[in-house]
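Asker: With the hints as your guide, set chain W onto chain L.
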Amino acid sequence: MRDQRLERFDQTILPHLSAAFNLARWLTRNDHDAEDVVQEAYLRAYQFFDGFHGGDGRAWLLRIVRNTCYSWLEKNRPREPAVVFDETKHSAEQKESGPEVPLIAREDREMLRRALEELPPEFRETIVLREMEGLSYKEIAAVSGVPMGTVMSRLARARERLYECLAALKREET
Amino acid sequence: MTCEEIRGLLSPYADGELDLVRDLEIEQHLRECPGCAAAVARTRSMSTLLHDPALYHKPPADLHRRVRVSLRQAGGARQRGRRVSLPWSWLGVVGAAAVLIALALWGALQGRSVLARDELLAREVVAAHVRSLMLSSHTLDVESSDQHTVKPWFIGKVDFVPEVKNLEPQGFPLTGGRLEYIDDRPAAALVYARAKHIINVFIWRSADKDCPPEFLERQGYHLIRWTDSERMFWVISDLNVKELREFAELLRR
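Just so you know, the sequences run in chain order L and W. Residue 1 is where the first sequence starts when you use the numbering used here, and the numbers rise one by one after that. Residue 1 is where the second sequence starts when you use the numbering used here, and the numbers rise one by one after that.
For reference, chain W alone in the conformation it holds in the complex:
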């Protein structure tokens, strides 16, 4: 091989990207040609310099978290099949199908615009629900199946008067209430039961405009949320979708 040909292979040679035969050919040539040997040495010294960790740009500390959050928001948007200006939301036949099923279940209820806040609230609600189940002493602050006991208990504790319904005839007995803190304000948690399933209803005051029920699933829990006359409602349980929906409709009546 000529020097010209060899020069073309020096980079892959230095990078160990050549096959053995070529490798040996070049080694042979380098012993005889100081020009090419110098070129290889240059390549290697350049590599050494470029391996300097100070040249490697490290991401800012919170980028990992920000990426995670935006992925989760996008994931939520995808699942709810929002197809607006977000460049990533067009994909996802699967997501769209999931939405169609959810919509069919919900009698073609209108999906509300997706806000990052919704996703954060969903997490808060799931966390509060799970926490309430961890210890039986966490589940209730006021234990009563009588709505006339539970309702006044909240007065002075939350900044509104929650409506507490007796749904025992429909098979959803009230077991009590609890105070929560969600969305940066005090919230009322009403606890209902269905067989062995516990249903938490979180209610807090919200300036959001009214919005019809929306179904979500997080970590295996079913969630239904809506807004009605300045109250935000979130219903969460491990109960099946059909019965939970029935429950939500009873609450809304």
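In isolation and in its complexed conformation, chain L is listed as follows:
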């Protein structure tokens, strides 16, 4: 009985380990912590596996990874200052930026990594789910437990914010 259940779990959920680790790593920003979170998330997933009725195992797992990350962060890094998204500043900058699209070179990958790490976690999460996992808005809404409208606005703001961060980092550099 257990073996069958485990086998089914191995086939449907275990293959999404990379996605689980990537999300956990971006949310915890640390390799070791991400490994711990992934292990814990898998155990939770196995525990709730009876509630998985087929479909996309990846989205199902990522929801658990995401929730495990946040409880983990709350427990282990409670003092971490929550970055408040400054909408006024962001909106003003957006209007100023002209029609030209500065080309961002591959060499700026490190900057992008930094910029993404500095985003508030819920924005980072949305970016990872959309851009790296290619989840649909509907799937992201399910993973993050928020309405579609929130996904839409988080994504738009996160992208603009990333863009601004990158531009600022580039300015610093030159």
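Calculated directly from the structure, the hints in this document are not laboratory data. Do not rely on the hints blindly, as some may be mistaken.
Stated by the list, open to error - Covered, in the sense of this in silico footprint (three residues per stretch, anywhere, with C-beta under 8 angstroms from a C-beta of chain W), are these stretches of chain L:
no. : region
1   : 9–16
2   : 29–36
3   : 59–67
What the hints assert, rightly or not - No more than 27 angstroms apart at the CA atoms, straight line, and that leaves these computed lysine-lysine pairs for DSS-like:
no. : chain 1 : residue 1 : chain 2 : residue 2
4   : W       : K242      : L       : K138
5   : W       : K196      : W       : K151
6   : W       : K196      : W       : K242
7   : W       : K58       : L       : K75
8   : W       : K242      : W       : K165
9   : W       : K209      : W       : K151
To be verified - Between beta-carbon pairs, the in silico distance windows are:
no. : chain 1 : residue 1 : chain 2 : residue 2 : range
10  : W       : H64       : L       : G55       : 16 to 24 angstroms
11  : W       : D208      : L       : P147      : 12 to 20 angstroms
12  : L       : D56       : W       : P212      : 17 to 25 angstroms
Where is the CB? At the ideal position from N, CA and C, for every residue including glycine.
Answerer: Frame of chain L, contents of chain W only:
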């Protein structure tokens, strides 16, 4: 639509998440509005950058294995219904029910604390049992139904003297013995038969404290394990639970 309204939809537009009507509306607007067109271009260039595989964190090579192992340990804990501090062990009415049945069968024997080691040992035991059955030449190193032949054969081969019982009158004839290597040390394997079923009894020296028989099922095999005066005993067979339990009780007497 105004620019303001359009801006709100540019992300889903770039992601192909809008319906056709909205899509066309926005395309129309983008042709006329360089500001919004630039915003879409930014979104797209940002997407391209984020698709960089170097930004995708790959799990360490052994994480897959570690997750598998911990799942199997947790699975074992779940089945045996251990309800201690492990956060995942509270769930599983099914697991608890399985344990209740096992316990009922076993006359409410006390379950021993679950160690990861148990699970590894169970696997070793199953593997050794299966291996012994693969070829008839693997089953026995010393073939004899006489316990006085089998017992001395082990002397000098394992670091203890195994007790070999004659259980033929009870319907479990001894067929012989074999050497095994389990739990990082030499182990004695006593082979008994019941009709056409083969029963392997693995015995090795162990510092574990005494513990009463515990029943397990792995890959369709029935296993009974216990520890008694510095010996670890594992009985394994495809025989039915009732008769195997009877056999284990005879061995323990």
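Asker: Hint compliance check: list the failing hint numbers for this structure, sorted ascending.
Answerer: Numbers 3, 4, 11, 12, in rising order.
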